[in-house]
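Peer 1: The lines below spell out each chain.
4 protein chains.
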Amino acid sequence: MTVAGHAALCRGLVEPVGLVTERAEFASAGLAPLESLVFGGHEVRGGPLREMADGVLRDCGMPGLATAVGDALDEYDARIAPGVVRGGGRQIEAMGTGRLEVGSDAEAAAIVRADLDAFKKRCKVDRLVVVNVASTEPPAVRHPSWSDLDTLRVAIRGPEVVLPPSALYAYAAFEGGDAYVNFTPSVGSRIPALGQLAEERGAIHAGADGKTGETLVKSVLAELFARRQLRVLSWFGQNILGNEDGRVLEDPENKATKVRSKDHLLAKILGYPPESKVGIDYVRSLGEWKVAWDHIHFEGFLGQRMSMQFTWKGCDSVLAAPLVLDLVRLVDLAQRRGERGVAVALAPFFKDPMGTCEQRLVHQDETLVEWLSAPTSS
Amino acid sequence: MTVAGHAALCRGLVEPVGLVTERAEFASAGLAPLESLVFGGHEVRGGPLREMADGVLRDCGMPGLATAVGDALDEYDARIAPGVVRGGGRQIEAMGTGRLEVGSDAEAAAIVRADLDAFKKRCKVDRLVVVNVASTEPPAVRHPSWSDLDTLRVAIRGPEVVLPPSALYAYAAFEGGDAYVNFTPSVGSRIPALGQLAEERGAIHAGADGKTGETLVKSVLAELFARRQLRVLSWFGQNILGNEDGRVLEDPENKATKVRSKDHLLAKILGYPPESKVGIDYVRSLGEWKVAWDHIHFEGFLGQRMSMQFTWKGCDSVLAAPLVLDLVRLVDLAQRRGERGVAVALAPFFKDPMGTCEQRLVHQDETLVEWLSAPTSS
Amino acid sequence: MTVAGHAALCRGLVEPVGLVTERAEFASAGLAPLESLVFGGHEVRGGPLREMADGVLRDCGMPGLATAVGDALDEYDARIAPGVVRGGGRQIEAMGTGRLEVGSDAEAAAIVRADLDAFKKRCKVDRLVVVNVASTEPPAVRHPSWSDLDTLRVAIRGPEVVLPPSALYAYAAFEGGDAYVNFTPSVGSRIPALGQLAEERGAIHAGADGKTGETLVKSVLAELFARRQLRVLSWFGQNILGNEDGRVLEDPENKATKVRSKDHLLAKILGYPPESKVGIDYVRSLGEWKVAWDHIHFEGFLGQRMSMQFTWKGCDSVLAAPLVLDLVRLVDLAQRRGERGVAVALAPFFKDPMGTCEQRLVHQDETLVEWLSAPTSS
Amino acid sequence: MTVAGHAALCRGLVEPVGLVTERAEFASAGLAPLESLVFGGHEVRGGPLREMADGVLRDCGMPGLATAVGDALDEYDARIAPGVVRGGGRQIEAMGTGRLEVGSDAEAAAIVRADLDAFKKRCKVDRLVVVNVASTEPPAVRHPSWSDLDTLRVAIRGPEVVLPPSALYAYAAFEGGDAYVNFTPSVGSRIPALGQLAEERGAIHAGADGKTGETLVKSVLAELFARRQLRVLSWFGQNILGNEDGRVLEDPENKATKVRSKDHLLAKILGYPPESKVGIDYVRSLGEWKVAWDHIHFEGFLGQRMSMQFTWKGCDSVLAAPLVLDLVRLVDLAQRRGERGVAVALAPFFKDPMGTCEQRLVHQDETLVEWLSAPTSS
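Residue numbers (the working numbering), protein chains in the order written: chain E, 113 to 490; chain P, 113 to 490; chain S, 113 to 490; chain Z, 113 to 490.
Heads up, some of the hints might be wrong.
Which copy is meant is left open, because identical chains are indistinguishable; a pair holds if it fits in one copy or across any two.
Straight line, CA to CA, 27 Å or less: simulated DSS-like cross-link-like pairs of lysine-lysine [stated by the list, open to error]:
| id | residue 1 | residue 2 |
| --- | --- | --- |
| 1 | K380 | K425 |
| 2 | K425 | K389 |
| 3 | K389 | K233 |
| 4 | K380 | K232 |
No lab work stands behind these hints: they were computed from the structure.
Computed from a predicted structure; not experimentally measured.
Modelling step: build the complete structure from the supplied sequences, incorporating the hints.
Peer 2: Right under this line is the structure:
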């Protein structure tokens, strides 16, 4: 979707709706033009991209688009390498075309690193941003070696799975000084040893878990209750979705990671933890669509109990794709500014932002805009 | 409701939920303690307050409260003077117990001013804030004398209705240097000549139209679409409510004022005017409850059309009452700080804030908090 | 949409979803095969059908369909005659391409009758059903001549507009013994003199106002409250829609007819009239989509007040089109069975069924199924 | 709630809203007057009834009622015996005040039977109906002895738990020829051996699982889709509730029974099984209130996908209580008519009706009304 959308944008087939970096405030920040971006990737599912994109785009009600940018999809296809799945949980491992057979994480990382270098050379790109948009992994079990880079380097040479795929790609990216963005709730680069590696190599990273739907709404709406001193008694959210991500989340082990990521921002914004629950269920018939229903029960003056409900009906990939373009452009800018480590200013894009406790969209976004215009302070 | 709630708060019967000025940030601003406030008023409807309050509180599911604070209501009752209704539109004029028979606006203003002075003397209060919480008037027709204070002073001596009630009270308040807050969409003090009068007498004023429900939600939610560059195609809002205000709004002439006040903030926040409509209908069975349904149709990446809906179910008077307490305390602080004219910092309380174009709740609120801690800059 | 859908069905491009007459109970009733139907029509808007259909189908998310059945649409185009608009209200009259210039209703009826005869001859069809699917007319003012056929025949020879277009087509159809179905809330054949004419010529008629969305839901849902003795206090419905019909309904004179048709069935089903309102607003961005929000406030045991809300999001033309096919097949069957006058059994298709007070969908449908299997009793 | 409501009804404090048996059609059926009913019960929770009722009634917004009928509640209190909990699952067993210590099911049944006889004698009632309104038990594991009465009689003399509480009460009721109604999804009398016992002793039984909220809506709404040949692709329902029943349902073993009972009627009504899920979550802040959100995704003509959503906000006990009164009166009538075994005509009251596959509320209700007026055919 990101690749198809990028091609459609570059050809002027669509307007840049949904791209944060196309807002007026971003115009003079020196971001790389969209046309200068080149895409490659790792994929664990089989089949030509044009077909997969066509399915998704049809579901989203845009059947003609895959054809209109078919050549761009085919070109991209040629730049895809098979992905690593070991440690990704039974759902992801079962997808099959991934490379499970390597003997150690170090070997797997070396293969990925070689893929990245080959891509950079072949496409003649100067800088590279690895973006994790894979399905959610089960909650990672903290490995003792995670706390220190040297220990980690030893551990990954053994046969044990030390780094789940999301972290392995971060390792591979950092090794070459490249940036890594974690658009999923999987652990990614949130491992101290990987943080050390990023600093050491001058690599940028950001994450985690793209904020695209229900949580996005929460991160503005909760302010209303906070600023009006209305006491949230309970906030119940239920998501139903029908795409591949939804299917993977059917597995309780993957769902656990996701629900954890969605459920902590209320306490941060409100200043107290209300009763809250987030449910996610797979409803196949919805295809690419996601519907969220939230019921907010709150107390006002004199103890009066009132309620608000909302439903959000969005096409998940359509909401996420432009943010990936935004993130790549912003991380690239940070790279060119000589920053290293966590790109804290990218918080508005994430459910679980690294390097900050700020969960309020408006504040996150204002901070991002300030960062844009104040290049020297990272 | 405000009076009953104030009494309940002072007696410790309820917690200060729903009061903005009870948030931690407001603790050291030097606001008057709630216990120091004394209430009086003008009323156009008949009947003892205890009975009216009991009806409203029962509707809101708090049947015991009117009894618990009955003595405070009775005391307040003794401080009520009959209200002026001439120029309030056929709905308000029909309420009957108001004073229509005065010969000129000047006479009416003098009567109100005398009531205010009597109240101050009797209750031994130093400062006074007149808050307009009457039903919405029809859209006021601009009178030629409004543009200049001297001209206005002449005009109101004639038999013509020059100032609708909402403006007449502002005039009377300012004449004695007292403050005026317009909690309704009626014209109130938004008349140049009244602005001159306030400046001349060192009076504070603020308004207009308390932001309590659907518009409050809009003023946070619209930011989501603005900051994510999601294009709002249409925003349709429908309100149903069953109280006296709803009944008055049944009349198209009063409804026009209200709908105008609710419908302009989207363009301000989004930066472009989306297709939008706001409906208000009276549904008697709802009593004090108001239900709003909003349907937001928006476009994302690749032209994909998506939607969000929300319903807000609140008790209107319960949402408004604590804000009246907040406004009185904040205006009083401004008075003590020696400010005069429009209290711009009070924007977060209003649908149509005077003195600023800022419609975003979060920004309005941050400005208020800054004002609190920076007393010398008004 | 009906013509395009019919072609798509006959070519096996789509399944017969949404067609009542394709339910198992209807299989052995001797209905005409879909393939045997031929379509013609009168149209007041300009432009080739293929283009108009393409616009509608795109809006509904079916962009390929107009092309797939383009030849059928072109053929149909050749069978379209310009429509009569005089008396249709300012919105419809403004559409322009209609024939306004005839000197009398009798002349207009003769032209329409000639069109129908030409169509029957040219397409070699034995029986014909005229279906009114035009935009809603303003409420018709009862003309004195309506009560008697002979008087009507005299009146329509004068220059006055006696019959609005919806009734004029019924007149023309009946004159030739052909059937007439009123899918709109306009007056159509609900004029005593037209009833006499239908009986006299052995013509069938049915109506009025296709039951496709919010009212359809009401006609099943209200039974819940009736059968459980739950007291409906208020039922508020709000419809927003973006197509041509919606635009015409913007005009208060056309809206009045529609709202009247939607708002009377609750009293019939519940046995008492609850407080109720139905709003219709035009929201252009919705295109062919209609969204209805209903709020039902009801009282249960011990006076407890509870509520139900629903939203219905449907594509109006997609919901209506198959019902037109159903109605044509069923009226045709009634014709072959030798029935005449109002086809009472067709009540389930209409918001305001002729010949019966029954508003409950389930009962209406059971009656229809009984009628199917009991051919001799009309 | 039932007892309090009954007292309030008998004293004329409230109108008989929500009682099916107070509809006009039931007036001449010879039902026992409400005043003639006397209540007793078994309870596994401690505390005086007046207090428990007060809590529930406050939650429902009826704080005065418990006081108004306090004496009736106190009288009832004196007729409460401690309940049996063994075999009710860990949640119910933990409630503590129940009698766990009996040596065998036979002993437990004998104690219950003795309680029933004592109640009948003391209150001088001729006929008795045991109604199970306890919290939902975990799914019962079928015991080999269930298929035959003689085997069952032997089995329950051993130390093993053979009958969960819901079935044990049925056994005890039938032993004395008394009726049993299962208002819960627990197994109750749906055990072949118990069916034999009821027939043998001439006892009536009915069940299972009171149809009060979301499922009630489904049982009318699904007809719309069936009769219009609209294809339901998925029907997702989510319930949130805050009372004791909700807390018990938090336990997955109890929830399994409930979800099973709610999820099978769609296939029956539609004629095919759509994708469907029903979720139940405990949200403490809701107290006695239950909110259900259902999302129905359906396909219409030309494959167009549309959707309907509803939210139902009801007070569970307020919806259930009058149905218990209805059931007692109707079962009593069946007893007096000399019927025995399953009272099939009572299907409209249940999610999972015994003795019939009919799930459509309208048909169930029509059958009940027919049964009323045709006493001799059971």
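Peer 1: Could you work out which earlier hints the structure fails to respect and list their numbers in ascending sequence?
Peer 2: 3 and 4
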